[in-house]
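Peer 1: Take a look at the letters that make up each chain.
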Amino acid sequence: MTKREDMNLMSCAVDRRGLLKCMAWAGTGVLWTVSGGVPTSLGLIGEANAQTAAATGFTFMQISDSHIGFKRPENPDAIGTLKEAIGKIEAMPTKPAFMIHTGDITHLSRADQFDDADQIIGGARIPMHYVPGEHDYVDEDAGKAYLERYGKNTKGAGWYSFDQGGVHFIGLVNVVDLKGGGLGNLGSEQLEWLEDDVKGKSASTPIVVFAHIPLWIVYPEWGWGTQDGAKALSYLKRFGSVTVLNGHIHQLMQKVEGNVTFHTARSTAFPQPEPGKAKSPGPMQVPADELRSYLGIARVDFRQGSEKLAVTNTALSAG
Amino acid sequence: MTNIASTAPAHQPARSPRLRRLISAIAILVIAAIGLSVGLSAAPVTDATVKIDNFTFGPKLLTVKAGTKVTWVNQDDIPHTVIDKNRKVFRSKPLDTDDKFSFTFTQPGTYDYFCGLHPHMTAQVVVTP
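Top line first, the protein sequences correspond to chains A and B. Here this note's numbering is used: the first residue of the first sequence is 1, the next is one more, and so on. Here this note's numbering is used: the first residue of the second sequence is 1001, the next is one more, and so on.
Mixed in with the good hints, there may be bad ones.
Now the stretches of chain A that chain B is said to cover, found in silico as 3 or more residues with beta-carbon under 8 Å [said to hold, decoys possible]: (1) 101 to 112; (2) 181 to 194; (3) 212 to 218.
Since the hints were derived computationally from the structure, they do not count as laboratory data. All values reported here derive from a predicted model rather than from experimental measurement. Beta carbons: idealized from backbone N, C-alpha and C, even for Gly.
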C-alpha cells in the first residue's frame, strides 16, 4: 500500500467522523465494534508502521464466493468481476504471501467452472489455500470434483492446517452432510481432528480459522450459521488471538467476542440482502453502476508482536 | 327443416340428410360429454409439479397417489437440489434456473425432503395408496 493510502486508513479509524467514513466506505451491512479488535487494528497499518510491517510480519488476502458459472442479471459477468478482483491483488506494490478462498469457487461444481476459476486465480501467481462452499460440493459424486483439485494433503471433506510466519492457519469444511432444516455442519470427525490439531500449541500462537459458512450464528432463518461452530470455538478459547474468516453471506459482517474476531468477506460475484431485509437470501439486484461497490477483496495483515490481525476490506469500485 | 320436424311423427327416423347430420352431431356430443365426465371422475392423477422459487418449495406439502410422477421445476435465480431427508430415496443433480427433476413415487408414505444447498428449505410429499 502507498503512504497516502496508509494515512487515509489512519484517519479512518482515529475519530468518530473517520469511523463513519469507514462504515460508508465498507458498504452497508457492516457491524463494527469499537471495543477491542478491529478499529484499533486499522490504526496499526499507519504510515509509521508501513515499513516495519513488511519486515516483521506478512500480508495475505481473502477472496470468497466467486461463483464461476453464475450468469444471471444480478451479475452477467462473474468471470469479469473475479478478474477485476485478481487484478487489484496483482496491482498491490507488495505481493501478498498467499491467498485464502473461503469457498463457492464455482456455481455448480462443474469441471469447466473449476477450470475457469483456477485459470483466473492462478494468474496472480500467489500460493492458494481453499475451502469449499456448498456450491463446490454439488457434483454427482458429492465433492469429488473439488477434492480432485484441492484435496491434496487434506483430511475428510477437505480440512487441514498449516503454519506460516508464526501463525497457525486452520481450514474447516462446514458444507457437507447438511441436515434438512439446519445450518452448516462440521461433524464429529472434523471436530475431533481440530481438538487434536491445536492441542499443545502455545496460547500466544495467533490462530486463523477459515471456513465457508459463518462459524457463528448470523441468521438461522436463512441457514447463516454453523450448528456445531460453538464446539469448534471452544477448542480455541484459550488462545490469545483468534481470527475467523468466512464467506457465504456475500456481505461484510464483523463481530468481536473476547479474543475472537469474526469477519465475513464480500463476494466477487454478486451481493445478497442483509438478514431479514428480503424474502430470501438469494442474489440481490442492484443498479449496474453500483454493483462493484458491493463486491470486493479482503487483506489481512499480521505484525509480529501484535497478536491481533488487521483486516482491511476493499470494494471492487475503490480506486 | 322446421316444417319437416313439426310434421314428421316422433318415432319415425328423419329422412332429411341435414336433420340426420344434426342428430348425429348431437349424439356424438352427448356421448363425448358422458365419456368425458366418466373420465374425469375415474382416472387417477399421474403427474404433479412442485415449483421452486424464492428459496421455497411450493406446495410445501404435496399429497399424491402412489404411482404419481412428481416434477420439480426450479424457477429461482439460484440453483437448488432436491434430496430426501434420509438420503436414500431420491436426489437430484444441481438444478439451475429452469432445470427439472422428476421422481415417481411408487411406495405410500411420508417423504420429508430438503435442498442440499440450502438446508433450511424443507418440504414434504405424502403418498397415499
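Peer 1: Now, for every hint given, state plainly whether the structure supports it.
Peer 2: Quick rundown of the hints versus the structure:
1. 101 to 112: That given contact holds, which follows from 3 residues of the segment 101 to 112 of chain A lying within Cβ reach (below 8 Å) of chain B.
2. 181 to 194: holds (count 3)
3. 212 to 218: Result for this restraint: violated, n = 0.
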